[in-house]
Amino acid sequence: MKTIRKKEHILILGAGAAGLSAADAIRTASPDTPVTVVSGEKGRPYARMALPYYISGKIPLEGIMTREEKELARQGVTYIAGDPAAGIDIDRRRVVLRSNRKLPFDKLLIATGSVPEYPEMLAGTEAPGVSHLWTLEDARQIKRLAHEGSSVAVWGAGFVSFMAAKALAGHDRKVHLICRADRILRRVLDAEAADLVDRTLFEKDVLCLKNTNVEKVEVLKGGRKRVVLNDSSELTVDLFIIALGTKPNIAFLEGTPLAGKKGIEVDEYLETRIPGIYAAGDVAVVSDCVTGERITPALWSTAVMEGRGAGLNMAGARRRCDLALLMNVVDFGGYSAISIGHPLTKDAGAEVFQFTREEDRSYRRFVFKEDRLIGAIVVGACFDAGFFPMLIRRRVELTRDQKDALLRQPWDMASLLMSLPSLMQAKDLV
Amino acid sequence: MISFNEKRCVGCYACQVVCKMEKGFPVGVFGITVLKGEEADENGVFRPVFRTSLCRHCTEAQCVRICPVRAITRDQHGMVVGTPEKCIGCRLCLLACPRSVPDFTGAQRVSKCNGCVERLQVGLQPRCVASCPTAALESVTRQELSEKKRRGYLEKRWERRQGTGTPSR
Ligand SMILES: Cc1cc2nc3c(=O)[nH]c(=O)nc-3n(C[C@H](O)[C@H](O)[C@H](O)COP(=O)(O)OP(=O)(O)OC[C@H]3O[C@@H](n4cnc5c(N)ncnc54)[C@H](O)[C@@H]3O)c2cc1C
Ligand code: SF4
Ligand code: SF4
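Residue numbers (our numbering), protein chains in the order written: chain P, 1 to 430; chain C, 1 to 169.
If you're looking for bench data, these hints aren't it; they were derived computationally from the structure.
Hints are supplied without guarantee of correctness; some may be wrong.
Below, computed lysine to aspartate or glutamate pairings styled on DMTMM-like, alpha-carbon distance capped at 25 Å [to be verified]:
| id | chain 1 | residue 1 | chain 2 | residue 2 |
| --- | --- | --- | --- | --- |
| 1 | C | Lys36 | P | Glu397 |
| 2 | C | Lys86 | P | Glu68 |
| 3 | C | Lys86 | P | Glu71 |
| 4 | C | Lys86 | P | Glu41 |
| 5 | P | Lys42 | P | Glu137 |
| 6 | C | Lys86 | P | Glu137 |
| 7 | C | Lys86 | P | Asp138 |
| 8 | P | Lys210 | P | Glu234 |
| 9 | C | Lys20 | P | Asp384 |
Here chain P stands alone, though its shape is the one from the complex:
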């Protein structure tokens, strides 16, 4: 791998999945390039996606921390915490932090993640217990207020709302999931899979209110919240969690050519239209590896892959790394629902195969386009799920026999893989 000769200073905005993967990659490719990482939040870097497990108590607070400060120092990474970037001066190549501190850079990586949407109608209801589940601060607050037997409403029916509901289920708590659509996880699961997930949620005392929306939220005396729904029923809850979706965190770039409509536009090497400035993770608009569409996947897996790719490219490599595979997992103690690629494609040329096994509530949906698997949903046992991302991402063209084998034995990919040993060779995706 080529390394940079002259000592260029690399600045990374964001200490999340993408930012830290980039720092690691730069370190392996170019051990002595000065690297500075800025986090908008106070304290040590942590894994955002592990927050629900901290709330549920599966792992301690220490478990979600991704780096020790000592470790960053040992890596030779300068870490600045709690001082978010407030603006950027592209011509003079420097970033201005909120404290007005100015950081010059030769190369810059923007990896500031997403911010959750906050609906306007909630203005004036800011109170403890009305919260997103996005930052460690939010998680701490939720954990503090979620007593045994408390009642919780989660507004939204996407991935984060699901994780929040799942984390809070049990302990005699009553959890309501308020879902505007007619089913949960509408973008990643089909009706059959969503129904299975729904049944499992119900068994865990999570009640899903479908085709329902919130009209009004009031904070009552004593701190409880009254949530008025559009069917004019009401819920009185201790915790009201808002999870209505997210958008790229690029407000501080407003007025620069970097801020696009969907996020930050990048090329195959994750470089923006301004040379030396890269973007990765939730902020970057990349290509879907199946459809080629420009998307912001907002996933941990893609953030790690992009961060690493951008890091290597900033350290002098030239590696294509903008192809994203959509991949979502929801799991309740061993019963999982996994969605990979485009199982819900509207493409008229796609062939759909569905398999149900009532006894263990398993369900699988495979979507093919011209002998290539382009999407899959796996509900229930999932020990072989790791093979699907490869089939989809590598655009493997299956022969008739292979496709037959897959459809004949939909519950175990091993039979198919026996005829595709090369698939099991290591790959370098991330």
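Knowing the structure of chain P, use the given hints to seat chain C with the ligands on it.
Chain C with the ligands only, in chain P's frame:
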């Protein structure tokens, strides 16, 4: 590292059984799995073949990179090991692994092959290797493995050139 030679495997499942005994994995969790299938030989005659799903302790281990909470790491012996107590059960490692290796206990914690480092340290071979009656499984260093691979590749190319399909041992 453990290398597997499919031409020698007779599908006796000894490795799968002893691994489980050694590690005390719960029901449904295996450190090594024998996969059975069939393939046509050069005369179009079907013959049974066996392969294993076995952790390669990859140099570029995707599972290590993707784990958000560092519950899969590379230890000082170069093995890729899981730390169940740290695992949140998100299954990203499973989806990132080219062999779908990481498995999960009932409490949804990762459980995988650690290359039997504790045995290697006292001069023993990994349990699966020690149990294999046909030496299809062998304990090798990373370097030996890549040499084996190179040799395997050259042999295959030679066979193709010669137009003979004699399996080499
Ligand atoms: C509750 C929850 C559960 C999730 N579960 C999953 C899951 O199971 N699977 C999955 O694939 N994805 C999941 N996600 C999504 C996943 O966490 C994100 O897609 C991923 O973290 C994105 O990585 P990133 O590096 O782009 O941003 P982040 O990891 O969000 O990091 C952004 C970093 O930028 C910093 N920052 C913010 N603003 C500034 C600024 N102005 N200046 C400097 N620094 C700034 C932040 O402090 C932070 O360090 C989940 C998310 C949440 C909230
Ligand atoms: S679990 Fe999979 S990715 Fe990880 S080292 Fe083993 S074979 Fe490689
Ligand atoms: S399932 Fe466990 S070991 Fe695997 S990536 Fe998630 S936290 Fe890490």
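Straight-line alpha-carbon gap Lys86 (chain C) to Glu68 (chain P), limit 25 Å: Satisfied, since the Cα-Cα distance of roughly 16 Å is no more than 25 Å.
Hey, Lys86 (chain C) versus Glu137 (chain P), does the alpha-carbon distance stay inside 25 Å? holds (21 Å)
Check whether the Cα positions of Lys210 (chain P) and Glu234 (chain P) lie no farther apart than 25 Å. Roughly 15 Å between the alpha carbons, so the hint for Lys210 (chain P) and Glu234 (chain P) holds.
Pair hint outcome, Lys86 (chain C) versus Glu71 (chain P) [Cα-Cα no greater than 25 Å]: holds (18 Å)
Does Lys86 (chain C) pair with Glu41 (chain P) here, judged by a C-alpha cut-off of 25 Å? holds (23 Å)
Would the hint linking Lys86 (chain C) and Asp138 (chain P) be met if the CA-CA limit is 25 Å? holds (22 Å)
Between Lys42 (chain P) and Glu137 (chain P), is the straight-line Cα distance small enough, at 25 Å or below? holds (10 Å)
Hint check: Lys20 (chain C) vs Asp384 (chain P), CA-CA at most 25 Å. Holds or violated? Holds, at about 19 Å.
Within 25 Å, alpha carbon to alpha carbon, are Lys36 (chain C) and Glu397 (chain P)? holds (23 Å)
Hint compliance for this structure: every hint is met.
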